[in-house]
Amino acid sequence: MSHSKLAGIFNKDEKKVDWHDKALWFVRHKRDLSVHQVKGWEELRNLGHGIKAHTLSHLDVYLEQFEANALKNGVQVHWAANGDEHNQIVHSILKADNAKKVVKSKSMLTEECHLNPFLEANDIEVIDTDLGERIVQLAKEKPSHIVLPAIHKNKLEVDELFQEHLGTEPCDGDPQYLTGEARKHLREKFIHADAAITGVNFAIAENGGFVVCTNEGNADMGAHLAPIHIACMGVEKIIPKQEHLGVFLRLLARSATGQPITTYSSHFRKPGKGVKMHIVIVDNGRSKQLSRPDFRASLHCIRCGACMNTCPIYRRSGGHSYDATIPGPIGSILSPGKDLTKYSTLPFASTLCGSCSDVCPVKIDIHTQLYKWRQIIGKETPQPFIKKKSMAAMGKIFSKPSLYGKVGAVARWALRTLPKSLINAWPNIWGKTRDLPVGPKKSFDQWYKERENNKKTDQK
Amino acid sequence: MDSRDTILKKLKANKPEFIALPKINPAVFDENIDKVKEFIRKTEVAGGKVFEVTDNKEVLSKTQEAFPETKVNFSNLDDSGFFNTIDSESFKNPHELNDLDVLVLESTLGVAENGAVWLTDNDIPVRVIPFITKHLVLVLPKENIVPYMHQAYSAINPMDLDYGIFISGPSKTADIEQSLVIGAQGAMSLTVFLK
Ligand code: SF4
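Respectively, the protein sequence lines represent chains A and B.
The numbers in our numbering rise by one with no breaks, and the one at position 441 of the first sequence is 441.
The numbers in our numbering rise by one with no breaks, and the one at position 183 of the second sequence is 183.
Be aware that one or more of the hints could be misleading.
Said to hold, decoys possible - Derived pair list, reagent style PhoX-like, types lysine-lysine, alpha-carbon separation capped at 20 Å:
1) B:Lys23 / A:Lys338
2) A:Lys184 / A:Lys101
3) A:Lys39 / B:Lys23
4) A:Lys5 / A:Lys15
Source of the hints: derived by calculation from the structure; they are not laboratory data.
Pulled out of the complex, with its shape left as it was, chain B reads as follows (with noise of 0.2 Å):
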């Protein structure tokens, strides 16, 4: 018998009886919290930064404004051919991805309570650019913003995910004697537009 056979059959013997799976009920936990002001408090929390906007130009000129020195920038956004010095062409080879200084994505999913932002393949060109790039800016429309994190599931279909990846804040660490540093391995800043 093979291990896969061997261990099945040790845990069907071992296991318990049968204990009913408890429903979750969301209602428990709702506040009725201000979606888009508990958002911006807790991306700031986690030192990312947040600015309302009214189209997704504004974005472009004010993430121009933020970052002006750069060489290698990168947006999906609808007319984004101004901001942009690469291409889809560059993606093919990742690796080759390591000098990107700013990338812009569209999110449709955010969450109020922990300041999360939900991409998936489709807002993505290629999976390692979220984390590669130098500053990771995003645009989320407001009303997509959902409460806690059971409601974000609720509009996440598990059938029709290849990947997806909730990003909260810049990337950090705190492993050297528990002082807090932004910027480890993945994107050194984190920047969300709400529109």
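This is chain A alone, in the form it adopts within the complex (with noise of 0.2 Å):
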């Protein structure tokens, strides 16, 4: 379904949508505040860029130079061309161990390989462990937010969904409450999980280790009861040195939450007494994305969910309109990159204000991406009917003055004088949900002309 279509669907809920509109806003001005307090922010930022632009030009050299650090720390390490080898591999080291309770926390990339539906088919139980995500997990939907992954729920739902599972108390919504009642529910689950699961924000090239950020200390609590911790990380979260982490973690959760760090940044390098830990290294269409000149920067991101919070179309649409594990402008430049038939309405989900690329902690073009996409999808793909001969009918209007003064005083009193029926009858999708102005007597052209001219009079 096209990004409009499910937007459609989203804005059904009106009061909903205002709310998630606002709450995403206040996350961008936490943001704001936040970032303002650093002296040297736009610095920080280039380092940010440059370190990453750096690291995807060597990336080869510094995945196998982490692997061969992992190796000797004592960490098993494997590497995944696609989601169903990712599976695959989790699903084995699973297996020789016979572990059948799973915790994880966050993770876009075992999201993106669909891991949970595929353990959850081999008898495998598969615990989100983060509180968003495991709202999202007991609703049997998908994150629409990679910071927040629950945003898209009030709580009235979560609610109702925790007396189902959890058999709460019907308690009005009250997050304490509700908050508490999973905390329980999570220590149970920690304390009995064969594995833990957990993402990776950044990879250290020279150590061979890596950094997991929450601020609900789940990713720790996994880690560190299971006999088993299995990271998988997609190829680009690999930085070179621990420095770098000065750098990264300052950038992150300013530019996600606010906050001038997460909770707890946890540095996992060897295997805790009696762990035994796994790295999985996943490419699933890296590889291709960099190897477009254009748009390789979009594998520069550290996932802080910034240019969703800041997005006029995100924040009215939801994430779920974009039909995709990373939602929101970065979501609409990464998904074309996978499949571009499927994902082509995403590029055009977008005014092309540039707020995304102003506010991304590592300076990535993304609206700049967004339009070139649409080049290539305007080429490339069937587009709509109604669409495509608006738009050759406009090339030619715009291309001769003449024409287009005429029909501009067509269109004018037309404006004027048709009933609203026909001016927003079905082609014109803009009138919808808006009115069209009444068109005025004069072009600017014919008003601009006027207006000189009585400047020549009146200096006579």
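Both chains come to you apart, so use the hints to assemble them.
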């Protein structure tokens, strides 16, 4: 389904859309307050960009270095070309130790690979332990935001879900009570887990370690209690040295929520006593994206979510309208790289206002890339009939000034004279939820010339 | 060819021409902040409490004052015998630490700009313990507070680290309608004693 159709579904609940819009704008606002307190913020962003660009230009070398160091640290390293292989690898690790109960902290990569349904089909229980992800999991939905997975749900919905699945008392959506109950429920799961899966925020080539950031402490609760820890990462998560964490940890949380750092920034390097540690390194389309000069910078992304919070379209269309693991502006430049036809409407889900590029901590030129995808999509994928015809007609009109003048006069007359039912008839999607203005009598051109003439007469 | 080689080969073929690695110059970010003041401010914003004390004895007495009714306590400060209700035997099965009420640990590094306190395997008897405890108490010498993350990483030897963690404030979440709730899956409170 196209982005606009899916957005239409989200837009049915107007009150919710309003709340969603304001809540995310508030997060953007907190980001602003936080970054304005940092001296040299722009330099920090430049560094973030520069370190990532350098790393991509040396990616194979750093990955090999990372692998060699991780092996020395006693960690097993696996490579997966795509999502299926990733899932098979994770499953085989679990199967080898007969692990049946898995706790998982936030990992957009495992979402991207559809790991949960795969493991469940193989009789393995997977519990998402980030509260937002647990809510979404109980609701049998997908995260709608990469940092705030359940931002599309209101507290009454959570209340109902917990009553049904966790046996809680009705509480009118009291967040304190509901969080407390989730804590108890998840504690049980942590204590009895056979394995923990985590994502990776940054993997360090020079020492084979990796960093995981959370506010809840769920990644550590899982990874330290279970006898197996599997960390899953995309190839682009690598950074050359530990000192680069100084840049990225300063950028990440401030851009995400306005916090100066997440509550927990865990640096895993060697397995703890009695724990087997595995790292799965995944390509799944990333090497392809690296081959596209116009779009490779999308691999700089550190998944802070700032571009979503600021996006006027995302805030009003909801994360699910992008029908992809990574929604919002960054998702709209990543997804077409994976499937141009399926995601052909996403680069159009933008006003090209550029706010995403302004807030991006690693300076990805998101809105420029959106524009570039549009050029490619216009050429390579079939466009809706009306859009194609109207664009062709507009092209002709704009290229001939005399024709433009004539059509303009007719349009102004039509907007003044014709009934709304005709103006907003079905081919005019714009008119579905808006009214066009009343047509002015004069064109801008006419008005301007008259004004100039009047000036001259005045001067005489 | 297995996936490892295929992936590496593709990355090598598809990567752009070499781009130089920029150098980090921490002086660019330096604002000459009052490190202790900033550390206290940021810890409090993150939901933690900070007290200034003279020695470890005061830490333990203040901790007892703050958490008078607790049953299971552990501190790895020297002379904590009177405070501790469990010993290192209990760490053999960390799953049983679920009823730990108060944990006191000593740190050697803190960061002013974000209130983060650094702990490594050297400071933690068993990795899960700062997360599984209900209340976490950390002791930090004032002179070990550095201004920014850049200085913090200069103080950490990457080759000599098995596991390390920055902790800033208590565990928290805002996943239900963006309302901040303290005490998600990790510790429900954080107290830092500066000495
Ligand atoms: S593209 Fe930039 S702003 Fe968007 S999530 Fe990634 S890092 Fe954050």
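So, going through the hints one by one against the coordinates:
Between the alpha carbons of B:Lys23 and A:Lys338 the distance comes to roughly 34 Å, so the proposed pair goes past 20 Å and is violated. Between A:Lys184 and A:Lys101, the direct Cα distance comes to roughly 17 Å. Compliance with the 20 Å bound is thereby established for this hinted pair. Proximity of A:Lys39 to B:Lys23 is assessed by CA-CA distance (about 17 Å); at most 20 Å being required, the pair is judged to hold. Our distance criterion of 20 Å between C-alpha atoms is met by A:Lys5 and A:Lys15, whose separation comes to about 19 Å.
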